[in-house]
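A.B. asks: Residues per chain, in single letters:
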Amino acid sequence: MAMYDAADLKKGLKVEIDGQPYVITDFEFCKPGKGTALYRCKLKSMINGSTMDRTYRPVDKVGIPNLEERDMYYSYHDGQNYVFSDAETYEEISINEEALGKRTYFLIEEALCQGLFFNGKLIDITLPTFIEKVVAETEPGVRGDTASSNVMKPAKTDNGYDVMVPLFINVGDTIRIDTRTGEYAERVSKG
Amino acid sequence: MDPFTRLQQTVAALKFRARVLAAVRAGFDKRGFTEVTTPVRIAAPAAEEYIDAPPAGAFFLRTSPELEMKRLLCAGMDRIYQIGPCFRAGERGRLHRTEFDMLEFYMAHADYLELLDTIRAIIVEAAISCTGGTKIKARGCEVELGGEWTLLPVREAFRTFANVSADEVAEQESLFEEILVEKVEPNLPKDRPCVLIDYPIRFGAFARAKASDPTLAERWEVYVAGVELANTYGELIDPVVQRERFAAARATRRRLGLTEYPEPTAFLDAIDRGMPPAAGSALGFDRLVMLLAEADSLSEIDFPLDDEQEP
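As you go down the protein sequences, you meet chains A and B in turn. Counting from 0, one number per residue, gives the positions in the first sequence under numbering that gives the first Met the number 0. Counting from 0, one number per residue, gives the positions in the second sequence under numbering that gives the first Met the number 0.
Incorrect hints may appear among the rest.
[Unchecked claim] List of simulated lysine-lysine pairs, DSSO-like, C-alpha gap at most 27 Å: (1) A:K41 - A:K10; (2) A:K30 - A:K9; (3) A:K10 - B:K182; (4) A:K60 - A:K43; (5) A:K41 - B:K182; (6) A:K41 - B:K136; (7) A:K152 - A:K101; (8) A:K10 - B:K136; (9) A:K43 - A:K30; (10) A:K41 - B:K189; (11) B:K136 - B:K189; (12) A:K30 - B:K189; (13) A:K9 - B:K134; (14) A:K13 - A:K60; (15) B:K29 - A:K30; (16) A:K41 - A:K13; (17) A:K60 - A:K120; (18) A:K30 - A:K13; (19) A:K120 - A:K13; (20) B:K14 - B:K29; (21) B:K14 - B:K134; (22) B:K14 - A:K60; (23) A:K10 - A:K30; (24) A:K43 - A:K101; (25) B:K136 - A:K120; (26) B:K182 - A:K43; (27) A:K101 - B:K209; (28) A:K41 - A:K120.
[What the hints assert, rightly or not] Just a sample of chain A residues kept apart from chain B, beta carbon distances all over 12 Å, derived: (29) Y3; (30) G48; (31) V58; (32) I63; (33) L66; (34) G100; (35) F116; (36) I130; (37) A135; (38) E136; (39) F167.
What the hints contain is simulated information worked out from the structure, not anything from laboratory work. Where a beta carbon is used, it is the ideal one built from N, C-alpha and C, also for glycine.
Put together the whole structure using the sequences plus the hints.
C.D. replies: Laid out in structure tokens, this is it:
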């Protein structure tokens, strides 16, 4: 199996530990008191998001995960899982709700997405960065309370997603949501 | 951050750094130290087990000016300091750069604790001159530089924070460092500088043994806001023991497959002629600037390196 040297480790690198893919979310190079170097990593599982700390010494090796990205289109929800089709082969591959989290609210039929495969198994989907939704519920903004542009209020989209929006957003407005953070990005049009 | 924005950030940092440089130089100058300049490209770096010198042609870039400055002590200088570039291959991170400035100073006929008084006074003076006070907020802590500094023996620190014997863990490869980083350093007091003192002799590469307990090396390291800032030895001046330490470090480097350096013959010749008893200290100058600037990482205050990575 291909391995990284400890000296290759850095923030953002994807590694394999005990047969699972992890991404390094924080990295600190330590060399206490003229001693041996230590590479301290905070790691996040790419399968279930669980986190752990590991410290590597210069002689240590870390696995390189077999990861592959493929273009996929979102097809449908089969009642239990979310089904995507491979853009080249049209093969249907499903992924469960747990892996998608709140992103299930951002799925749009036939939207081009990127599927991430670990050892041939679909483990994650990257959606289009922005999607548009219509605001179904929100209290009207209170005049005089708009001094700060950072003031936000709760809203609900037409498919039931709860999101904080600026005070000037009204029911019927179309807004853009950043699928990476799940947060409001901007207003597209007034309702 | 795009490179030009990063460069603009560097401008303010470099202006601040120049003030720290001036304050530190003034501190040494008024205490009778002479600023010296020694070569950056050298034939034989000190053989240290875990510090790698980048090759430069048939020579190496220095990892510290230690051996050259000790030659000056042998030649009769007694209070010297140097602030200049040093290089350590493969060291990169928030607190490490492959190229950095070392502030190194030596005092003949001084005890390693006398150097603590010197560095404390100079750091306090630099803080007042550059920040207007002695309190800094760095890396999430508020540190009072001006009051008492905590002195903590290494054995006590390992016993208190990790419930292990420092001497026992020192026998195992990298275990001492792992416990130091994971259990001891995070628990050191952070409201004031903390000095870890008297290391197991194995961790005193160029330090002499304590007269009262030869299993300990005369060595201290000061931590400010959890950042290891300066390392100090009561210097080893015995040429026989010095040769043994070099041989041991060379053997370790060979076993680990690291570059073997030539024998530092000019240094050994000088120490054979006689080195006065002395204490010496090496302080990461960039880290001092970082702390006084209340920055969290060296990349916030240093001119970007051409091979810099995202921190």
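A.B. asks: Is it true that the CA of K41 of chain A sits at most 27 Å from the CA of K136 of chain B?
C.D. replies: This hinted pair holds, its Cα atoms lying about 25 Å apart.
A.B. asks: Given the hinted pair K136 of chain B and K189 of chain B, is their alpha-carbon gap at most 27 Å?
C.D. replies: Given that 27 Å is the threshold and the Cα spacing comes to 10 Å, the pair holds.
A.B. asks: Quick one: work out the minimum CB distance from L66 of chain A to chain B and report holds if it exceeds 12 Å, violated otherwise.
C.D. replies: Holds: least Cβ distance 20 Å, greater than 12 Å.
A.B. asks: With 12 Å as the threshold, tell me whether V58 of chain A passes as away from chain B on beta-carbon distances.
C.D. replies: V58 of chain A is in fact no farther than 12 Å from some Cβ atom of chain B, at 8 Å.
A.B. asks: With a cut-off of 27 Å on the C-alpha distance, tell me whether K152 of chain A and K101 of chain A pass.
C.D. replies: Roughly 19 Å separates the two Cα atoms, so the pair holds.
A.B. asks: Holds or violated: is the Cβ of A135 of chain A farther than 12 Å from all Cβ atoms of chain B?
C.D. replies: holds (39 Å)
A.B. asks: Between the alpha carbons of K60 of chain A and K43 of chain A, is the straight-line distance 27 Å or under?
C.D. replies: holds (18 Å)
A.B. asks: Minimum C-beta separation from I63 of chain A to chain B exceeding 12 Å: can you confirm that?
C.D. replies: holds (18 Å)
A.B. asks: Sort out whether K13 of chain A lies within 27 Å of K120 of chain A, counting only the CA atoms.
C.D. replies: holds (16 Å)
A.B. asks: Mind checking the alpha carbons of K10 of chain A and K182 of chain B for me, to see if they're no more than 27 Å apart?
C.D. replies: holds (23 Å)
A.B. asks: Compare the distance between the alpha carbons of K136 of chain B and K120 of chain A with 27 Å, and conclude whether the hinted pair is satisfied.
C.D. replies: Violated, at about 48 Å.
A.B. asks: Does K30 of chain A pair with K189 of chain B here, judged by a C-alpha cut-off of 27 Å?
C.D. replies: With Cα atoms ~19 Å apart, K30 of chain A and K189 of chain B stay inside 27 Å; holds.
Checked against the numbered hints given earlier, this structure breaks hints 13, 15, 22, 25, 27, 31; the rest are met.
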